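Colleague: Sequence:
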Amino acid sequence: MYSNLYSTPRQINFISRQLSLFRQGWLIAAAAIFGLIFLISVFLGYFNSGGLSQLPSSLYNGFLTLIGLIFTSQMFQELHTPNRSYAFLTLPVSTLEKLIASWLLSSPLFILAYTAITFAIYLISVLIAGQPELALNYFTPAYWSTIANYMVIQTIFLWGACYFRKTNFLKTLLVLVVLPMIIGMYVALLIWLFFGSTNMHFGPDTISINDTIFPNLGYIIKFLWYGVLGPYMLLITYFTLKERQV
Numbered sequence: 028m029y030s031n032l033y034s035t036p037r038q039i040n041f042i043s044r045q046l047s048l049f050r051q052g053w054l055i056a057a058a059a060i061f062g063l064i065f066l067i068s069v070f071l072g073y074f075n076s077g078g079l080s081q082l083p084s085s086l087y088n089g090f091l092t093l094i095g096l097i098f099t100s101q102m103f104q105e106l107h108t109p110n111r112s113y114a115f116l117t118l119p120v121s122t123l124e125k126l127i128a129s130w131l132l133s134s135p136l137f138i139l140a141y142t143a144i145t146f147a148i149y150l151i152s153v154l155i156a157g158q159p160e161l162a163l164n165y166f167t168p169a170y171w172s173t174i175a176n177y178m179v180i181q182t183i184f185l186w187g188a189c190y191f192r193k194t195n196f197l198k199t200l201l202v203l204v205v206l207p208m209i210i211g212m213y214v215a216l217l218i219w220l221f222f223g224s225t226n227m228h229f230g231p232d233t234i235s236i237n238d239t240i241f242p243n244l245g246y247i248i249k250f251l252w253y254g255v256l257g258p259y260m261l262l263i264t265y266f267t268l269k270e271r272q273v
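For the sequence shown, the numbering used here assigns the number 28 to the initial residue and increments by one for each residue that follows.
It should be emphasised that the hints constitute simulated quantities derived from the structure, not laboratory data. If a hint is listed, it holds; no wrong ones were tucked in.
Within a straight-line C-alpha distance of at most 30 Å, the following computed DSSO-like cross-link-like pairs (lysine-lysine) qualify:
(1) K198 to K249
(2) K269 to K198
(3) K269 to K193
Quantities reported herein were computed from a predicted structural model and do not represent experimental measurements.
Construct the complete structure from the given sequences, taking the supplied hints into account.
Modeller: Structure representation (structure tokens):
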């Protein structure tokens with residue numbers, strides 16, 4: 028492990044190393060994925076232009092999250108490869124720099140690259156359909172909401188990429204499904220114990236809580252989701268990665 032905590036030139040060199048090392052595999056995967064998106068978009072533009080307006084909010088946003096999370100799950104593949112882990116762990120790069128590089132590549136840089144390519148594809152499609160004004164439909168509130176949620180969920184999968192040695196995407200997905208259920212049941216139990224059953228309404232499919240208990244519960248949940256969870260998971264990932272390097 029490198030003792031010096033952070034150096035901008037070293038950070039840039041490490042990002043360049045990662046791009047160079049995995050460039051071929053990433054380019055092949057990108058060509059296949061964006062080729063499929065291009066074919067679907069152009070097909071709609073030529074044969075069914077009426078469906079173009081919904082393309083960004085359905086296909087593009089969904090693919091952004093799915094592809095991004097799978098891509099994130101590959102960030103620490105060197106760490107879990109026996110014949111490459113030693114070289115990765117002994118690089119003259121600090122734990123913080125490895126974490127920042129992995130986050131930059133799989134979150135903001137991925138979002139920028141994905142947005143640029145899919146917007147170009149969408150622009151070609153609406154031009155083929157003779158409806159260039161539809162290009163403005165790309166950057167909708169749904170797009171920004173997808174970006175915000177992706178940047179939170181992505182940190183969980185980044186931790187999973189570091190923590191799990193094999194099939195980390197599926198294991199992280201399982202954690203993401205099971206853990207909220209456990210936390211939800213625990214919170215519901217606490218509310219029931221402290222505030223009584225009269226403030227909780229049990230239905231066949233849902234459990235509702237009296238709004239008078241937590242009038243600002245929605246704002247609190249949003250703050251915890253968008254403002255706390257992401258940085259917290261990055262911190263957990265940092266300590267997980269640091270533990271592997273000791």
